[in-house]
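Enquirer: For reference, the chains in residue letters:
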Amino acid sequence: MGVHARELQPRELPHRTGWSVRHYTALIIVVLIAVAGGAAVAVRAMSEQDARQASTADAAFASRVAASQIAAHLLMLQQTVASVAANPGTAAILTSPAAGCTLPFDGAGPFSTGHIDIINSDGTVKCSSRPFSGVAVYGAAGWLPAAVSRSVTVAPFLDPTTGLMSAVVAGPVAGGGGTVAAIMDLAQVGSNLGSALGGARQLEFLVTSDNDKTVLTRSLNASHWAGKSLAGTAFVTTTGSLERPDVDGTPRLYARSPVGSTPWLVYAGADEARALTAADLSSNRDLAIILGGVGIMLAVIFVVYRRVVDPIRHLSLVIRGSRVDGPVDTIGMMGASEVTGLAEDFARLMATVKTELVERLNSEQEAIVSERNYRTLFEGHPQPMWLYDVDTLAFLEVNDSACDRYGYTRQEFMTMTICDIQQPQDVPKFLELQAMPMPTLDRTGPWRHLLKDGSTIQVLITSHTVIFGEHRARFVLAEDLTDSQRLALELVESHARAEHSAELVLARDEMIAVVSHELRTPLASIVGFAELLATREVTAAQRKEYLAVMLQEGRRLTVLVNDFLDLRRLEGGHLSMRFAPSDLNALITRAVELFSGPGGTPITVRMQDDLPLVRVDSDSVFRVVVNLLSNARKYSPLGGPISVGAAVVDGMVEVYVQDKGMGIPTEALTHIFGKFFRVESADRGAIAGTGLGLAICKNIVESHGGKIGARSEGLGKGSRFYFTVPIVREEAQTGDVLIVEDDSGFAKLVEAELEARGLSSIWAADAETAGHLVAHARAVVLDLLLPGLSGEAFLNDLRATRGAGIPVVIVTLKDLAPAENLSLQKAGITAVLRKGPGTAAAAANLLAQSLSRELVAI
Amino acid sequence: MRLHTPSELDLQRTVLIADDESSIRLLVHATIESDDYTVVEAADGAEAWALAQVLKPSLVLLDVQMPGQSGLEVLRSIKADPNLKATRVILLTSKAQERDIEVGLIAGADFYLTKPFSPLDLLTRVEEALEL
Chain A
39 MGVHARELQP
49 RELPHRTGWS
59 VRHYTALIIV
69 VLIAVAGGAA
79 VAVRAMSEQD
89 ARQASTADAA
99 FASRVAASQI
109 AAHLLMLQQT
119 VASVAANPGT
129 AAILTSPAAG
139 CTLPFDGAGP
149 FSTGHIDIIN
159 SDGTVKCSSR
169 PFSGVAVYGA
179 AGWLPAAVSR
189 SVTVAPFLDP
199 TTGLMSAVVA
209 GPVAGGGGTV
219 AAIMDLAQVG
229 SNLGSALGGA
239 RQLEFLVTSD
249 NDKTVLTRSL
259 NASHWAGKSL
269 AGTAFVTTTG
279 SLERPDVDGT
289 PRLYARSPVG
299 STPWLVYAGA
309 DEARALTAAD
319 LSSNRDLAII
329 LGGVGIMLAV
339 IFVVYRRVVD
349 PIRHLSLVIR
359 GSRVDGPVDT
369 IGMMGASEVT
379 GLAEDFARLM
389 ATVKTELVER
399 LNSEQEAIVS
409 ERNYRTLFEG
419 HPQPMWLYDV
429 DTLAFLEVND
439 SACDRYGYTR
449 QEFMTMTICD
459 IQQPQDVPKF
469 LELQAMPMPT
479 LDRTGPWRHL
489 LKDGSTIQVL
499 ITSHTVIFGE
509 HRARFVLAED
519 LTDSQRLALE
529 LVESHARAEH
539 SAELVLARDE
549 MIAVVSHELR
559 TPLASIVGFA
569 ELLATREVTA
579 AQRKEYLAVM
589 LQEGRRLTVL
599 VNDFLDLRRL
609 EGGHLSMRFA
619 PSDLNALITR
629 AVELFSGPGG
639 TPITVRMQDD
649 LPLVRVDSDS
659 VFRVVVNLLS
669 NARKYSPLGG
679 PISVGAAVVD
689 GMVEVYVQDK
699 GMGIPTEALT
709 HIFGKFFRVE
719 SADRGAIAGT
729 GLGLAICKNI
739 VESHGGKIGA
749 RSEGLGKGSR
759 FYFTVPIVRE
769 EAQTGDVLIV
779 EDDSGFAKLV
789 EAELEARGLS
799 SIWAADAETA
809 GHLVAHARAV
819 VLDLLLPGLS
829 GEAFLNDLRA
839 TRGAGIPVVI
849 VTLKDLAPAE
859 NLSLQKAGIT
869 AVLRKGPGTA
879 AAAANLLAQS
889 LSRELVAI
Chain B
28 MRLHTPSELD
38 LQRTVLIADD
48 ESSIRLLVHA
58 TIESDDYTVV
68 EAADGAEAWA
78 LAQVLKPSLV
88 LLDVQMPGQS
98 GLEVLRSIKA
108 DPNLKATRVI
118 LLTSKAQERD
128 IEVGLIAGAD
138 FYLTKPFSPL
148 DLLTRVEEAL
158 EL
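Chain order of the listed sequences is A and B.
Just so we're aligned, residue 39 is where the first sequence starts under the working numbering, counting upward by one.
Just so we're aligned, residue 28 is where the second sequence starts under the working numbering, counting upward by one.
Looking at chain A on its own, in the form it has when it is part of the complex (with noise of 0.2 Å):
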């Protein structure tokens, strides 16, 4: 711990990269008051230029109505002048001179004040609308020698009567001799406007004739303008029709129209600076909520902060404080209730990460120490170990112990596949386990593994998955069962073996049980009927029949016993074979021959053409093949037709048998090659047997590393019995000496003493298969009296072929009449030697002098 604990302790402020809560927070503030800013002077600019833009409207359309009004007015006047001066009345008050007058004025609006006069031709009010002063006022007005004789509107006039700047409608009366005028105050004119569509949006107008720019009235102080000329006051033209004149140096918008069909021109103004100062309050208080806003977020923020980014700057100084060793400070979290859960959270998390951290860096701390441990392990292990990569199967470690026992350097291996070290008859089954997927730890064999120098070993492998670098591999003991080794794993199959003793008692009893059955059987009806005869008078009949029941049964007793024995010993492996190569077809032609005799259904061969010898014990092979033949006969009870066969399949020869007789019952097929396995029906307790043919023809097949088999369709229809041998290898069938000799023992003994003289040798046990083979042969030693074919039979056909080349000594039991010994002699034999002891060793010599003559010669 203390090692890694230096480590992992907190760093300094690490660097970090990117921006912090408070950055964030920092900029979210500046864009806060940047964009209320912004908005402020947006704000104030926009309510300015509306403010314009609608005091302009506003004026405009002031104007627009002041001057439609002042139109309509003098309209409504000139229509009222008219009519009073159409009135016949009007001329009669003109021509009466002591008519006096009350005229009324019904005007209305703005104009509600003025009056109307009837003027005298002289200018003398005759009769007025106010109250009549007699005085001539008019006589030097300008416009009335034009109003006697037609309408004329005149402004501005000063009235003489009320001394009161004023506009004048006036109009001839019909008949002539005077005028009718109506006169309006302008100064009242310039304040009704004033009122009624100023009052409220702080207009100002002004109604000026359209030549002189004389101002006729003015909404504001009127009088003090009344008649003055606005021509050179300061006039800013803007745009459109709106002119800007400074008229009492308050500066207005002003918007102008004319009015009607008159000169006359009517400005309406409205005050920019109070528009201004009212859109000022008016942004002023939009500002106000936009501050306010801004406050209100700023203060979220600052609490935001305070109980998020805080708490988790916090959280963060703890955490960059805290050690692998050390407690988790949450103390003083005082934050949101997500912050202080994830707080919360965290300290749990480190508690188990530091939980984890101090396991895991036990382990790897153990895991170095046992990877060492491991590899001295692998390295010095007295059993060959390796490591090989399951996807590409080449070697990645090999131990050294598995360099001495297969013989390859660590480079040689380096280069190598699992599979070389595979025989290659396994190397299918073994591609085979490995695409399977394999358990973590297994333990399969025993394999039989190649050396470098071609020799074969017999290992048991224990393998687990691993990784390894970047490789799957898979971790390899092999335990070489050297004779010590294996006979220490038959002790742990036996200690198996014996965990199933219950079992196997009851399967010894049993057996002991049918052993003794099928002995005492034919030994009850021996003893028996040696009793009856002992004992008893019987007649010749009786006798002879009794007689031959024993006989029978003596033979059968014997078959049983050597049977039985033969069985032992097979299953103990202590039967030794002599394997050596064979001609099938012999073998089974000398078999079938035994079945020929009369009475019995001719048994028909089919063999292979060109069938290759087999390896095989041919005693015991012949055997096999009696016993098939036989149960076929027996169990054919209505002589149905046998035949047997044979042909090379799948590299094995295979032999069949097959008949058509009673054939065996699906569920017995297993059964049948167990010992004392009958099948069991009435018409078969007939058939003699001992129960064991089959157990052995199944043992002297699997010693020859062959399979042995049944078919059958069912009861009644017929079986087929087959089994492999193999087929013997070409290498094996040379020698310098060939042996032909149907006594396994005695080829035996002249192997020896010709292995002693440098003379290898092929064994062939009958003179068929020493056909194939003397081919390949220097020399013949030959037994005359051999199953099949004789060994004269075979002596001609190698003269025929060979010649009297080859040395040939002939070794039997056969005495020979001299007539014979002398027609051997002539026919070039080296020598005939009588068996006998010492014969062996004879036949040797003369070979071995013979040969190194031969080479002599050459």
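Simulated from the structure, these hints should not be mistaken for laboratory data.
Each statement offered as a hint is correct.
Ranges between beta-carbon positions, derived for each pair:
#1 A/A770 <-> B/S145: 54 to 62 Å
#2 B/Q80 <-> A/L632: 42 to 50 Å
#3 A/A534 <-> B/I133: 38 to 46 Å
#4 B/I133 <-> A/E583: 35 to 43 Å
#5 A/L632 <-> B/D148: 38 to 46 Å
#6 A/R644 <-> B/S145: 47 to 55 Å
#7 B/E158 <-> A/E583: 23 to 31 Å
#8 B/D148 <-> A/K786: 46 to 54 Å
#9 A/F715 <-> B/E154: 33 to 41 Å
#10 B/S145 <-> A/V686: 52 to 60 Å
#11 A/E751 <-> B/G135: 41 to 49 Å
#12 A/R644 <-> B/I133: 52 to 60 Å
#13 A/G752 <-> B/R40: 42 to 50 Å
#14 B/Q80 <-> A/G752: 30 to 38 Å
Even for Gly, the Cβ is constructed at its ideal location relative to N, Cα and C.
Starting from the known structure of chain A, fit chain B onto it as the hints suggest.
Expert: Only chain B this time, still in chain A's reference frame:
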């Protein structure tokens, strides 16, 4: 199987031999052959039971180990059949089948003989059984 004529069977007591081994049947037959009994042979359990039902033998000599129906099964069938109350049974066994002997005696066998047996002993047992 040697069958005698029905008239003979009526007059004489019948002994049934059941064994799958012909040599044993011959031995037993030769041993007990007498003018006093008719001897009938059966080669397996099923045949023995069939003959026993028909012949109602005075004595059955039963091999225990036979293919198909075993001697013990035949014994039980005989003992369960009221028509065969008078039938005596002697078991022939191998010595190793001691358990079968025990089972057989419990099942109602009168005697047993183990193979190989003395023909004289067999004869004595047969006579004893028939006199019971």
